[in-house]
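For the record, the sequence lines run as chains P, X, C and Y.
64 is the number that this note's numbering gives to position 64 of the first sequence; each next residue is one higher, with no gaps.
28 is the number that this note's numbering gives to position 28 of the second sequence; each next residue is one higher, with no gaps.
131 is the number that this note's numbering gives to position 131 of the third sequence; each next residue is one higher, with no gaps.
122 is the number that this note's numbering gives to position 122 of the fourth sequence; each next residue is one higher, with no gaps.
There may be inaccurate statements among the hints.
A pair counts as met if it fits within one copy or between any two copies, since identical chains are not told apart.
[What the hints assert, rightly or not] DMTMM-like mimics (lysine to aspartate or glutamate), calculated; alpha carbons at most 20 Å apart, straight line:
hint	residue 1	residue 2
1	LYS123	GLU146
2	LYS36	GLU126
3	LYS121	ASP64
4	LYS26	GLU37
5	LYS30	GLU139
6	LYS121	GLU105
7	LYS123	GLU105
8	LYS30	GLU146
9	LYS123	GLU37
10	LYS36	GLU105
11	LYS121	ASP72
12	LYS30	ASP64
13	LYS26	GLU139
14	LYS26	GLU105
15	LYS26	ASP64
Don't read these hints as lab results, they were simulated from the structure.
4 protein chains.
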Amino acid sequence: MKKTVVLVLFTICSYVGFSQNGISLKQAEKIIEVAKEKAISLNTKMNISIVDAGANLVAFVRMDGAWLGSADISLKKAKTARYFDMNTGIIGTLSQPGGSLYNIEHSNGGLITFPGGVPIKNKAGEIIGAIGVSGSAVENDQAVAEAGASAI
Amino acid sequence: MKKTVVLVLFTICSYVGFSQNGISLKQAEKIIEVAKEKAISLNTKMNISIVDAGANLVAFVRMDGAWLGSADISLKKAKTARYFDMNTGIIGTLSQPGGSLYNIEHSNGGLITFPGGVPIKNKAGEIIGAIGVSGSAVENDQAVAEAGASAI
Amino acid sequence: MKKTVVLVLFTICSYVGFSQNGISLKQAEKIIEVAKEKAISLNTKMNISIVDAGANLVAFVRMDGAWLGSADISLKKAKTARYFDMNTGIIGTLSQPGGSLYNIEHSNGGLITFPGGVPIKNKAGEIIGAIGVSGSAVENDQAVAEAGASAI
Amino acid sequence: MKKTVVLVLFTICSYVGFSQNGISLKQAEKIIEVAKEKAISLNTKMNISIVDAGANLVAFVRMDGAWLGSADISLKKAKTARYFDMNTGIIGTLSQPGGSLYNIEHSNGGLITFPGGVPIKNKAGEIIGAIGVSGSAVENDQAVAEAGASAI
Chain P
1 MKKTVVLVLF
11 TICSYVGFSQ
21 NGISLKQAEK
31 IIEVAKEKAI
41 SLNTKMNISI
51 VDAGANLVAF
61 VRMDGAWLGS
71 ADISLKKAKT
81 ARYFDMNTGI
91 IGTLSQPGGS
101 LYNIEHSNGG
111 LITFPGGVPI
121 KNKAGEIIGA
131 IGVSGSAVEN
141 DQAVAEAGAS
151 AI
Chain X
1 MKKTVVLVLF
11 TICSYVGFSQ
21 NGISLKQAEK
31 IIEVAKEKAI
41 SLNTKMNISI
51 VDAGANLVAF
61 VRMDGAWLGS
71 ADISLKKAKT
81 ARYFDMNTGI
91 IGTLSQPGGS
101 LYNIEHSNGG
111 LITFPGGVPI
121 KNKAGEIIGA
131 IGVSGSAVEN
141 DQAVAEAGAS
151 AI
Chain C
1 MKKTVVLVLF
11 TICSYVGFSQ
21 NGISLKQAEK
31 IIEVAKEKAI
41 SLNTKMNISI
51 VDAGANLVAF
61 VRMDGAWLGS
71 ADISLKKAKT
81 ARYFDMNTGI
91 IGTLSQPGGS
101 LYNIEHSNGG
111 LITFPGGVPI
121 KNKAGEIIGA
131 IGVSGSAVEN
141 DQAVAEAGAS
151 AI
Chain Y
1 MKKTVVLVLF
11 TICSYVGFSQ
21 NGISLKQAEK
31 IIEVAKEKAI
41 SLNTKMNISI
51 VDAGANLVAF
61 VRMDGAWLGS
71 ADISLKKAKT
81 ARYFDMNTGI
91 IGTLSQPGGS
101 LYNIEHSNGG
111 LITFPGGVPI
121 KNKAGEIIGA
131 IGVSGSAVEN
141 DQAVAEAGAS
151 AI
């Protein structure tokens with residue numbers, strides 16, 4: 001009986017604890033769908049990560065045969081784009097030797113600062129999350145990320 | 001020009017590097033769809049992770065309002081289920097104080113050994129990946145994981 | 001000149017990237033103020049962490065002479081409380097040997113599941129963050145966390 | 001009764017364990033106040049970390065809307081400044097490719113060596129801690145850090 005009570009309480013708690021941080025799963029799934037189509041049109045196979053406004057993962061897919069090592073890269077790109085509310089590639093131009101943000105990649109458990117991470121904005125222009133794409137040349141990664149980010 | 005050549009080579013490499021480790025993304029998406037339906041039928045909000053035969057993440061979703069902390073738990077459950085090719089809850093019965101696998105959770109960057117992780121088999125009975133579910137009482141997590149695993 | 005342009009753009013970007021995740025710094029500072037008063041009234045010296053709805057740190061103080069090791073514990077308590085939208089002590093009752101969430105502490109880079117972490121709600125009852133307190137017996141930690149959480 | 005005794009002993013221990021490492025919380029709060037004012041005067045939103053003489057965090061604030069990723073950077077700047085008792089930017093000039101401290105950023109769990117970290121001295125000139133600021137162009141970060149460090 002005691003265990004049942006805990007189970008019931010726990011189930012209720014998990015249901016009422018709602019507190020959305022920006023992007024919804026439905027939006028994330030739409031973005032992934034569009035990004036996958038773009039990836040296919042470019043003859044590429046991508047890892048795609050979507051994080052919310054709190055930089056926490058909302059959705060992820062690895063297309064069949066995409067690089068295993070690109071899963072973590074796509075997540076770090078998405079997080080990096082939300083951490084600094086800008087495309088990852090911009091940070092990469094500043095983190096080069098001699099640059100003002102040299103070796104910023106050592107922060108936050110590892111940043112990825114080459115292209116492929118893009119903030120996601122709602123129609124009001126507010127940042128509600130970010131997309132990170134990895135699996136091909138960075139030009140392709142960026143193109144797929146932008147296609148995804150513009151889907152909503 | 002040189003840069004263009006590299007880009008083309010890189011794009012080709014990423015395309016031909018195919019080596020499928022069991023489950024396909026299409027199968028993973030089907031499993032997630034069924035698992036989400038089960039979660040909704042139980043009035044729960046879940047984090048759902050699918051890993052392939054190499055224990056690498058293939059797909060992930062966090063349902064709106066699901067616990068943030070359950071994302072990592074769902075991934076660790078999926079990995080644990082594939083690492084040992086059994087339901088996570090079975091390992092948990094052996095990892096208790098005095099048990100034969102006491103504190104096995106310290107391995108592999110952190111295991112989760114309570115219910116909610118289930119291996120995924122193809123029709124021939126071969127293990128092609130695993131599902132990990134977290135977001136409610138473990139009985140619910142396990143029910144959703146089993147619903148997903150039986151979808152293919 | 002180029003460098004100046006980057007600097008200006010960067011400064012603008014940092015200013016317009018606003019996207020609040022629940023609790024404001026002003027609210028966090030009010031909570032810390034009340035928590036500190038409670039800690040003093042109990043003759044204790046505490047580490048106090050406040051995270052937002054995305055489980056990211058908003059504010060922290062270590063009272064003079066408080067245990068060094070409690071800084072990380074207070075942060076992990078705050079994160080744990082937000083990760084699962086409940087008091088940390090509840091999770092601890094389920095993570096004991098034989099419990100349904102045994103060794104859940106191995107997830108999310110390390111959870112702390114004894115008392116002292118409490119979700120923070122706004123007047124509408126929505127969770128906007130969490131407080132984590134560490135530095136004394138857990139009964140005192142919990143009392144200080146509750147005092148803080150009820151300050152807004 | 002036994003539990004009560006432990007609680008009392010624990011509470012006493014936590015109170016008498018005092019051993020100040022340089023900066024006090026009151027000084028840290030004063031520094032943060034001045035740094036925030038400087039940040040506002042520069043139209044920036046900053047993450048500000050204060051560490052003590054033991055390089056342990058004493059106080060932290062993230063101004064509303066400041067970059068999420070700058071929290072960890074501000075902490076690493078403060079730690080780096082105290083680890084080597086100099087402004088972080090100085091280390092960054094030595095950690096470049098070919099430099100005498102090339103890639104020193106790999107040590108200590110990750111250093112940040114661009115400007116924004118400054119040691120804090122008392123009136124006798126003794127280093128009692130450090131401040132780390134992140135959230136804008138490094139010139140602004142450094143200006144805010146210096147304003148803070150000179151507040152006491």
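Evaluated hints:
1. In this assembly of identical chains, the alpha carbons of LYS123 and GLU146 lie at most 20 Å apart only when taken from the same copy (15 Å versus 38 Å across copies).
2. Neither within a single protomer nor between protomers do LYS36 and GLU126 lie at most 20 Å apart by alpha-carbon distance, with minima of 24 Å and 24 Å respectively.
3. Taking the shortest alpha-carbon separations for LYS121 and ASP64, only the inter-copy value of 18 Å comes in at or below 20 Å, while the best intra-copy value is 28 Å.
4. In this assembly of identical chains, the alpha carbons of LYS26 and GLU37 lie at most 20 Å apart whether taken from the same copy (17 Å) or from different copies (14 Å).
5. Proximity of LYS30 to GLU139 under the C-alpha cut-off of 20 Å is found in neither arrangement, the shortest distances being 22 Å within a copy and 31 Å between copies.
6. Proximity of LYS121 to GLU105 under the C-alpha cut-off of 20 Å is found in neither arrangement, the shortest distances being 24 Å within a copy and 29 Å between copies.
7. For the identical chains of this complex, LYS123 and GLU105 are neighbours neither inside a copy (31 Å) nor across copies (36 Å), given an alpha-carbon limit of 20 Å.
8. Proximity of LYS30 and GLU146 under a CA criterion of 20 Å is satisfied intra-copy only: 13 Å inside one chain copy versus 26 Å between copies.
9. Proximity of LYS123 and GLU37 under a CA criterion of 20 Å is satisfied in neither setting, with 22 Å inside one chain copy and 29 Å between copies.
10. For the homomeric pair LYS36 and GLU105, neither the shortest alpha-carbon distance inside one copy (27 Å) nor that between copies (26 Å) is at most 20 Å.
11. For the homomeric pair LYS121 and ASP72, neither the shortest alpha-carbon distance inside one copy (23 Å) nor that between copies (24 Å) is at most 20 Å.
12. Taking the closest pair of Cα atoms, LYS30 and ASP64 come within 20 Å of each other both inside a single copy (19 Å) and across two copies (14 Å).
13. For the homomeric pair LYS26 and GLU139, neither the shortest alpha-carbon distance inside one copy (27 Å) nor that between copies (26 Å) is at most 20 Å.
14. When the C-alpha separation of LYS26 and GLU105 is checked against a cutoff of 20 Å, the pair qualifies neither within a copy, at 31 Å, nor between copies, at 30 Å.
15. In the homo-oligomer, the alpha carbons of LYS26 and ASP64 lie at most 20 Å apart only across protomers (9 Å), although the nearest pairing inside one protomer, at 22 Å, exceeds that limit.
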